[in-house]
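Chain A is fixed; fit chain B onto it per the hints.
If you want the building blocks of each chain, they are given just below.
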Amino acid sequence: SAVISQKPSRDICQRGTSLTIQCQVDSQVTMMFWYRQQPGQSLTLIATANQGSEATYESGFVIDKFPISRPNLTFSTLTVSNMSPEDSSIYLCSVEGPQREKLFFGSGTQLSVL
Amino acid sequence: QKEVEQDPGPLSVPEGAIVSLNCTYSNSAFQYFMWYRQYSRKGPELLMYTYSSGNKEDGRFTAQVDKSSKYISLFIRDSQPSDSATYLCAMIPNTGGFKTIFGAGTRLFVKA
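Keeping their order, the protein sequence lines are chains A and B.
Here the numbering used here runs 1 ahead of the position in the first sequence, where the first position is 1.
Here the numbering used here runs 11 ahead of the position in the second sequence, where the first position is 1.
In case anyone wonders, no lab produced these hints; they're calculated from the structure.
Being a predicted model, the structure only gives us computed values, none of them experimental.
All C-beta atoms, glycine included, are put in the ideal place defined by N, C-alpha and C.
Just so you know, not all the hints are guaranteed correct.
[Claimed, not checked] To spell it out: a stretch of chain B is covered by chain A in this simulated footprint if at least three of its residues, at any positions, have a beta carbon under 8 Å from a beta carbon of chain A; those stretches are:
#1 54–61
#2 109–121
[Stated by the list, open to error] Straight line, CA to CA, 30 Å or less: simulated DSS-like cross-link-like pairs of lysine-lysine:
#3 K122(B) to K67(B)
#4 K122(B) to K110(B)
#5 K78(B) to K13(B)
#6 K53(B) to K103(A)
#7 K110(B) to K81(B)
#8 K13(B) to K103(A)
#9 K53(B) to K67(B)
#10 K66(A) to K103(A)
#11 K67(B) to K110(B)
#12 K110(B) to K103(A)
#13 K8(A) to K103(A)
#14 K67(B) to K78(B)
#15 K110(B) to K13(B)
#16 K78(B) to K103(A)
#17 K66(A) to K110(B)
#18 K81(B) to K8(A)
#19 K53(B) to K66(A)
#20 K53(B) to K8(A)
#21 K66(A) to K8(A)
#22 K53(B) to K122(B)
#23 K110(B) to K78(B)
#24 K53(B) to K13(B)
#25 K110(B) to K8(A)
#26 K66(A) to K13(B)
#27 K67(B) to K103(A)
For reference, chain A alone in the conformation it holds in the complex (with noise of 0.2 Å):
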């Protein structure tokens, strides 16, 4: 199993501000993930990030409000750009196990935009 590391683990910002979350993981992968989990809601996939490429974005998620960086092969950042109370949420880092099928996850980030 991998181990993942995720910070910070909760924010509070003020409107039109930017947080960025980072994702360490013990052991080289080849993607990570990011997710967001609002309450009541599924989780949601935003992107699929692989080193040495562009991120790939899911439907309803552009680059210029959730930019990703994936330096190496065990680390990403997230960031949530000119938040809005709409952006309240948990986020979520995520990698595939061994089998593919099989997800491993950070503890999230609990963030409140005021």
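Chain B alone, transformed into the frame defined by chain A:
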């Protein structure tokens, strides 16, 4: 219509009860079926995994998949307060990319 439907609960049961958690789905292409458990302020962790139809048992947990009815279940026997968590069903289709689709999760409270 959502691809995966899951009753959000909350579901409250006494310690020792048998718990039944369920999801329905609409996409007949789903082939991999998972249950994740998520404690408060933690990320989801994989609890059970089943490929295609059938049952799978692991200790107090049993996962069932009925593809003909597009219905999956997770049973917890002899439930414990430590089982109090949110349970998310998840599925992956065999077409259109290997992408996991999650249910909204059911909050379970087991009272001592």
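Hint check results:
no., hint, in the structure
1, 54–61, "holds (count 5)"
2, 109–121, "holds (count 8)"
3, K122(B) to K67(B), "26 Å, holds"
4, K122(B) to K110(B), "36 Å, violated"
5, K78(B) to K13(B), "17 Å, holds"
6, K53(B) to K103(A), "17 Å, holds"
7, K110(B) to K81(B), "18 Å, holds"
8, K13(B) to K103(A), "22 Å, holds"
9, K53(B) to K67(B), "25 Å, holds"
10, K66(A) to K103(A), "28 Å, holds"
11, K67(B) to K110(B), "22 Å, holds"
12, K110(B) to K103(A), "11 Å, holds"
13, K8(A) to K103(A), "22 Å, holds"
14, K67(B) to K78(B), "14 Å, holds"
15, K110(B) to K13(B), "15 Å, holds"
16, K78(B) to K103(A), "20 Å, holds"
17, K66(A) to K110(B), "22 Å, holds"
18, K81(B) to K8(A), "38 Å, violated"
19, K53(B) to K66(A), "25 Å, holds"
20, K53(B) to K8(A), "12 Å, holds"
21, K66(A) to K8(A), "19 Å, holds"
22, K53(B) to K122(B), "21 Å, holds"
23, K110(B) to K78(B), "19 Å, holds"
24, K53(B) to K13(B), "25 Å, holds"
25, K110(B) to K8(A), "25 Å, holds"
26, K66(A) to K13(B), "25 Å, holds"
27, K67(B) to K103(A), "16 Å, holds"
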